[in-house]
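Now for the letters of each chain:
Number of protein chains: 2
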Amino acid sequence: MNSRDTLITELNVLENFDPLVPEEYQDSEYLMLGNLSPLVQSTVITRLNKRPKLIAMDTMNFWMDIAMESLMKVISKVDVLMINEEEVRQLTGLKALPLAAAAVHTMGPKTVVIKKGEHGAIMFEDGKTFFSPAMPLEKVVDPTGAGDTFAGGFIGYLARLGDTSWEAKKQAVVVGSVLASFTCEDFGTKRLQTLEESEWHSRMRQLRAMVKFRSIRG
Amino acid sequence: MNSRDTLITELNVLENFDPLVPEEYQDSEYLMLGNLSPLVQSTVITRLNKRPKLIAMDTMNFWMDIAMESLMKVISKVDVLMINEEEVRQLTGLKALPLAAAAVHTMGPKTVVIKKGEHGAIMFEDGKTFFSPAMPLEKVVDPTGAGDTFAGGFIGYLARLGDTSWEAKKQAVVVGSVLASFTCEDFGTKRLQTLEESEWHSRMRQLRAMVKFRSIRG
Numbered sequence: 001m002n003s004r005d006t007l008i009t010e011l012n013v014l015e016n017f018d019p020l021v022p023e024e025y026q027d028s029e030y031l032m033l034g035n036l037s038p039l040v041q042s043t044v045i046t047r048l049n050k051r052p053k054l055i056a057m058d059t060m061n062f063w064m065d066i067a068m069e070s071l072m073k074v075i076s077k078v079d080v081l082m083i084n085e086e087e088v089r090q091l092t093g094l095k096a097l098p099l100a101a102a103a104v105h106t107m108g109p110k111t112v113v114i115k116k117g118e119h120g121a122i123m124f125e126d127g128k129t130f131f132s133p134a135m136p137l138e139k140v141v142d143p144t145g146a147g148d149t150f151a152g153g154f155i156g157y158l159a160r161l162g163d164t165s166w167e168a169k170k171q172a173v174v175v176g177s178v179l180a181s182f183t184c185e186d187f188g189t190k191r192l193q194t195l196e197e198s199e200w201h202s203r204m205r206q207l208r209a210m211v212k213f214r215s216i217r218g
Numbered sequence: 219m220n221s222r223d224t225l226i227t228e229l230n231v232l233e234n235f236d237p238l239v240p241e242e243y244q245d246s247e248y249l250m251l252g253n254l255s256p257l258v259q260s261t262v263i264t265r266l267n268k269r270p271k272l273i274a275m276d277t278m279n280f281w282m283d284i285a286m287e288s289l290m291k292v293i294s295k296v297d298v299l300m301i302n303e304e305e306v307r308q309l310t311g312l313k314a315l316p317l318a319a320a321a322v323h324t325m326g327p328k329t330v331v332i333k334k335g336e337h338g339a340i341m342f343e344d345g346k347t348f349f350s351p352a353m354p355l356e357k358v359v360d361p362t363g364a365g366d367t368f369a370g371g372f373i374g375y376l377a378r379l380g381d382t383s384w385e386a387k388k389q390a391v392v393v394g395s396v397l398a399s400f401t402c403e404d405f406g407t408k409r410l411q412t413l414e415e416s417e418w419h420s421r422m423r424q425l426r427a428m429v430k431f432r433s434i435r436g
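Protein sequence lines, in the order shown, are assigned to chains A and B.
Per my numbering, the very first residue in the first sequence carries number 1; after that it's consecutive.
Per my numbering, the very first residue in the second sequence carries number 219; after that it's consecutive.
Bear in mind the hints are in silico, worked out from the structure with no lab data behind them.
Think of the CB as a built atom: it goes at the ideal place given N, C-alpha and C, for glycine as much as any other residue.
Honestly, I wouldn't trust all of these hints.
As the list claims (entries may be wrong) - With a Cα cut of at most 30 Å, we get these calculated BS3-like pairs of lysine-lysine:
hint : chain 1 : residue 1 : chain 2 : residue 2
1    : B       : 430       : B       : 334
2    : B       : 313       : A       : 212
3    : A       : 128       : B       : 408
4    : B       : 346       : B       : 313
Said to hold, decoys possible - Some but not every residue of chain B turned toward chain A, in silico, with C-beta under 10 Å:
hint : residue
5    : 337
6    : 426
7    : 432
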């Protein structure tokens, strides 16, 4: 696709979805830009009267293929980039995740969360690394929406705490992973609709126990 | 391959490598059966005067394809099965790792360690689960031997401690992961040959910090 075609595609997307931010959302301190056209994502940012405390965005290979320029522009404006493993490799041309994350930092985002599906998620910020496994499930009905659940859980937890520290973000990655595990257990949002706070808290404790080990002697 | 051909193949392997256990190894309390013909693995066990405190074994799809019967026999005699993700699925016919591990338990091994390469390792024992990520590396020169390093690190650490508890095994999985990360950084055993205790201890601490998060409030 040449750049004229690309622009037309992008304009079509924008024409079909020109995001208006309702007045009551103008004061949002936490903004999650879901995986949409980077032009739509950028427009949401510019239509807010003041910059949120934290902007996170999700993206995918499709936008890298057709709208790289707009994508790089919106990436430069956000605090947290959420992206899956293969896609961060495509975006940066680097296979090793610590190097790919370092390359993303130079594009703008201070924080990079790399989603590895059933293999968990790894977060990089300011030379620090955090890893959360995915919850090992006995039954996966449909993983569709797991990535969106992860993103929503991540930013929702930070917004609830009102905290954007590294410690809070680590917990937020685990919250995202745990909530996403419920999404996989049924179709659509079915499992999430009946989810009790006690259920995901219990899974948070399980996940915590699953990675805990004593420091070695000597 | 019919069972006669299979037997011939196995006998050929055995003929080429008939393992004699030297007298000074007869008192070994920790036995690691590397990934070899299950007939060779079984022979090692039967040639020991007394059963070691802990027997671990590694295997691969090749033996499932040509020597399933002998493989099941040796699996029934060991305490720890180490196997990679795809292979435990082939062995059990089950995709979900918790279910695959449960199926392996019924074959004999009390402990199942599933190796996921760059995605870490997960261990199941007696209803408990432990997960260790792999160390995120900036440079992977050659992962050949990483699985063997993992296995050697696992059993070597337990033998050093003289402890086969769940707590010790969790540390052993991390030791295996950390040592395997060094193997990947150069060809063959090159990196391991110059490895200092302080270097892998430092990486153990890094890995511990990488999975640590505070329990959630509320």
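Next item on the list: Mind checking the alpha carbons of residue 128 (chain A) and residue 408 (chain B) for me, to see if they're no more than 30 Å apart?
Entry: Roughly 28 Å between the alpha carbons, so the hint for residue 128 (chain A) and residue 408 (chain B) holds.
Margin query: Next pair to validate is residue 313 (chain B) with residue 212 (chain A); report whether the Cα-Cα distance is within 30 Å.
Written below: Roughly 25 Å separates the two Cα atoms, so the pair holds.
Checklist line | Interface hint compliance - residue 432 (chain B) to chain A, C-beta minimum distance less than 10 Å | finding: OK, holds: residue 432 (chain B) within 10 Å of chain A, min 6 Å.
Next item on the list: Answer holds if the nearest beta-carbon of chain A is closer than 10 Å to that of residue 337 (chain B); otherwise answer violated.
Entry: It holds, given that the least Cβ distance between residue 337 (chain B) and chain A is near 4 Å, below 10 Å.
Note to self: Given a cut of 10 Å on the nearest C-beta pair, is the interface hint for residue 426 (chain B) held or broken against chain A?
What the structure shows: holds, 6 Å
Next item on the list: Measure nothing beyond the straight line between the CA atoms of residue 346 (chain B) and residue 313 (chain B); if it is 30 Å or shorter, mark the hint as holding.
Entry: holds, 19 Å
Next item on the list: Take a quick look at whether residue 430 (chain B) and residue 334 (chain B) sit within 30 Å of each other, Cα to Cα.
Entry: holds, 21 Å
When the structure is compared with the earlier hints, no violation turns up for any of them.
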